[in-house]
Structure formats: structure tokens, C-alpha cells
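Peer 1: Please construct the entire structure, taking both the sequences and the accompanying hints into account.
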Amino acid sequence: MVAAFTGQNPAMIAAGVRSITTQSVTLAEVQRALDFAFAHGVIDRHYDAKVMLAASVPMTGPR
Amino acid sequence: MLARRDFLTLGALAALGPARAAAADDLHTIRLLSVPTDATKQVLYADQAGLFRKRGLHADIQPMGSGAAIFAAMLGGSADFGGGSLFPVFQAYGRGLPIRIVAPISIYDTNFCDAWLLVAKDAPIHSARDLNGKIMGADTAIDIYVSSARAWMDQRGGDGKSLRPIELPASGQLVALNAGRIDVAVLRPPYLTVAMGSGTVRVLGKPLDVIAPRFLLSCWFATTDFIAKNPDVVNAFVAALVE
Chain A
1 MVAAFTGQNP
11 AMIAAGVRSI
21 TTQSVTLAEV
31 QRALDFAFAH
41 GVIDRHYDAK
51 VMLAASVPMT
61 GPR
Chain B
1001 MLARRDFLTL
1011 GALAALGPAR
1021 AAAADDLHTI
1031 RLLSVPTDAT
1041 KQVLYADQAG
1051 LFRKRGLHAD
1061 IQPMGSGAAI
1071 FAAMLGGSAD
1081 FGGGSLFPVF
1091 QAYGRGLPIR
1101 IVAPISIYDT
1111 NFCDAWLLVA
1121 KDAPIHSARD
1131 LNGKIMGADT
1141 AIDIYVSSAR
1151 AWMDQRGGDG
1161 KSLRPIELPA
1171 SGQLVALNAG
1181 RIDVAVLRPP
1191 YLTVAMGSGT
1201 VRVLGKPLDV
1211 IAPRFLLSCW
1221 FATTDFIAKN
1231 PDVVNAFVAA
1241 LVE
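Residue numbers (the numbering used here), protein chains in the order written: chain A, 1 to 63; chain B, 1001 to 1243.
Bear in mind the hints are in silico, worked out from the structure with no lab data behind them.
Be aware that one or more of the hints could be misleading.
[To be verified] With a cut-off of at most 20 Å between alpha-carbon atoms, the simulated DMTMM-like pairs for lysine to aspartate or glutamate come out as follows:
{"hint": "1", "chain 1": "A", "residue 1": "50", "chain 2": "A", "residue 2": "35"}
{"hint": "2", "chain 1": "B", "residue 1": "1134", "chain 2": "B", "residue 2": "1122"}
{"hint": "3", "chain 1": "B", "residue 1": "1161", "chain 2": "B", "residue 2": "1130"}
{"hint": "4", "chain 1": "B", "residue 1": "1134", "chain 2": "B", "residue 2": "1167"}
{"hint": "5", "chain 1": "B", "residue 1": "1134", "chain 2": "B", "residue 2": "1159"}
{"hint": "6", "chain 1": "B", "residue 1": "1161", "chain 2": "A", "residue 2": "35"}
{"hint": "7", "chain 1": "B", "residue 1": "1206", "chain 2": "B", "residue 2": "1109"}
{"hint": "8", "chain 1": "B", "residue 1": "1134", "chain 2": "B", "residue 2": "1154"}
{"hint": "9", "chain 1": "B", "residue 1": "1161", "chain 2": "A", "residue 2": "44"}
{"hint": "10", "chain 1": "B", "residue 1": "1206", "chain 2": "B", "residue 2": "1130"}
{"hint": "11", "chain 1": "A", "residue 1": "50", "chain 2": "B", "residue 2": "1225"}
{"hint": "12", "chain 1": "B", "residue 1": "1206", "chain 2": "A", "residue 2": "35"}
Peer 2: What follows is the structure, encoded as C-alpha cells:
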């Protein structure tokens, strides 16, 4: 599936490093990335990560 | 910046939209755009396992080269959901674009690192300081890999600001590295796997560790208008992904 979608060799992909997909996320896992983005000038204002999360996002822990 | 192939995809989406919807018969077609990485296995699996169909959805999944192209398509009404790296989503939200995260895709975990800072095997680059002034290939000039590589250099005695990013799709970064057109890149699966299998590259470090040992790396997003008008579709889409 991934090989066809990305145009890479199926055998190579199957034998190599794979991404870690997840079914849910904690607020901290989003906020850490946002804090770094602000601290390093990727975004020009800091905000609370939860304002970006739609109600559909499966959360582990408090929203 | 939109790549030529993304313009072509956007044109095709615009031209075929109504026909694609009609082709799905009783199913509701959702139009998905994603940067083609290994993490797309999540949605590709859901599609092939019939998890969308089970919920009355037909998923039309198209690859796009960048988050910018995906945002353009979504805001233009040519796509319903976009999938890609978190930083472009932060930037788009910060610019006032009406988008929200609807589901997670992948996480970074230092114990299962899948984003390595790579240089050519024979390059005279062995430390953060050696990267000063060097050219880095990246999807965009301010993506998460450029930012984290700069911070990684700063933490180890280098000068992160001196790193010079040039925009290259992930699929072309290994070729550019081997040809000496770039000095360094952060590759992820499946391109990381291809690079490691080539025997032509060497690992310099784990730049994403400067952010945190574990954090959300990529996500699905949609416009606030689409979410408000299609709550059942959004919930069905997310339910299929997490089943």
C-alpha cells in the first residue's frame, strides 16, 4: 500500500524503519511541539494547543 | 510553494470533483490529500480493510508534495481532509486560516526514532560544528526538520542559524545528498529506509529529540466550515482510522 502511494520499493519498505502511527494523543504531545515551534520562530505567537483540536480528536487524558 | 505535480493534482481534483462523487453510488465520497510518507499506512489500511465503506464513506486518497498545496486545495474546496506534518498546521492556524486538527496520524518517540539527521557517508561532517554554513534539503525552509536541526546544532556547539535550507521534496533528498547538491537532510520512512539501504549515507543524530522524547508529529486536519457542516462525516472518518 505505502509503496504504491509513495513510489518506493515494497521489499525495502517492509524491511526498514516504519513510522509510529497512533490512535489517540495527549494534550501535552501537541503542546510540546507547539512550544518548540514558538520558541524557534516557526510561529509568531504562542497559544494553547487545545484551541486547534476539533471535538473529534481521540484524546488520552484531559482535553 | 506548490510543486508542478501538485498543480496538476489540484487541476485534476477540480475537474473531476462531481464525477468522483457520483461514482461512489450510495457512499459519501471524502476527498483526502496527504504528503506521501510511511504514515499514510494508517489511512491506506483503513481504506483497504473496508473501514470507510463500513461507515458509508468512500475515501479518495491522493498524494500531495507539501502542506502548502494541501491547504490551498482545502481552502479552495477541492479536498475535505488533509494529512501532514504538524508545523505547517501551526503556521496556517497562526496566519488565521480556519483549520483544526481532527485526528492524530503519527508520533515521534525517541525510543523508536524514525527521523535521522543524515550526511553522505564520505562527507567531512562529524559534529554539529561541521554543519555550520552547510546546505540542508527540506520540504520547506522552516519545517520541523530544519528547526530541530538548527536547535540540535546550537545545543552541541554549532551555529544553527548558519544552516542553509533549500526546498526539496523528500523523494529527491537522497539523490541530492549523494550528488553533493545538499550536505545534510532529515529523512523519514519510507525515504529513510531507502537511504539506509543504499549504503551511501551516515547518521549524525536524532534532531527531533530537541523538541521532546515523544510528541505528535503529523495529523489530519479540516476546515472549520467542513467540520461544522459535516460532523457525522468527520466522526465516521476518525472512527475508521482508529478502529
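Peer 1: Does each hint hold? Answer for all of them.
Peer 2: Going through the hints against the structure:
For the proposed pair residue 50 of chain A and residue 35 of chain A, the alpha carbon gap of about 13 Å is at most 20 Å, so the pair holds. Straight-line distance between C-alpha atoms of residue 1134 of chain B and residue 1122 of chain B comes to about 15 Å, which keeps the hinted pair within the 20 Å bound. With a CA separation close to 13 Å, the supplied pair residue 1161 of chain B and residue 1130 of chain B stays within the 20 Å bound. Proximity of residue 1134 of chain B to residue 1167 of chain B is assessed by CA-CA distance (about 14 Å); at most 20 Å being required, the pair is judged to hold.
Distance check on the hinted pair: residue 1134 of chain B and residue 1159 of chain B sit about 10 Å apart at the alpha-carbon level, within 20 Å; holds. Of the pairs offered as hints, the one joining residue 1161 of chain B and residue 35 of chain A holds, with about 19 Å between alpha carbons and a cut-off of 20 Å not exceeded. Under the criterion of a C-alpha separation no larger than 20 Å, the hint pairing residue 1206 of chain B with residue 1109 of chain B is consistent with the structure, at around 11 Å. Between residue 1134 of chain B and residue 1154 of chain B the CA atoms are separated by roughly 14 Å; this keeps the pair inside 20 Å, and the hint holds.
Proximity of residue 1161 of chain B to residue 44 of chain A is assessed by CA-CA distance (about 17 Å); at most 20 Å being required, the pair is judged to hold. Among the hinted pairs, residue 1206 of chain B with residue 1130 of chain B is consistent with the structure: their alpha-carbon atoms are about 16 Å apart, no more than 20 Å. For the given pair, residue 50 of chain A sits about 18 Å from residue 1225 of chain B by alpha-carbon distance, which is consistent with the 20 Å threshold. Taking the CA atoms of residue 1206 of chain B and residue 35 of chain A, the gap is about 19 Å. The hint holds against a cut of 20 Å.
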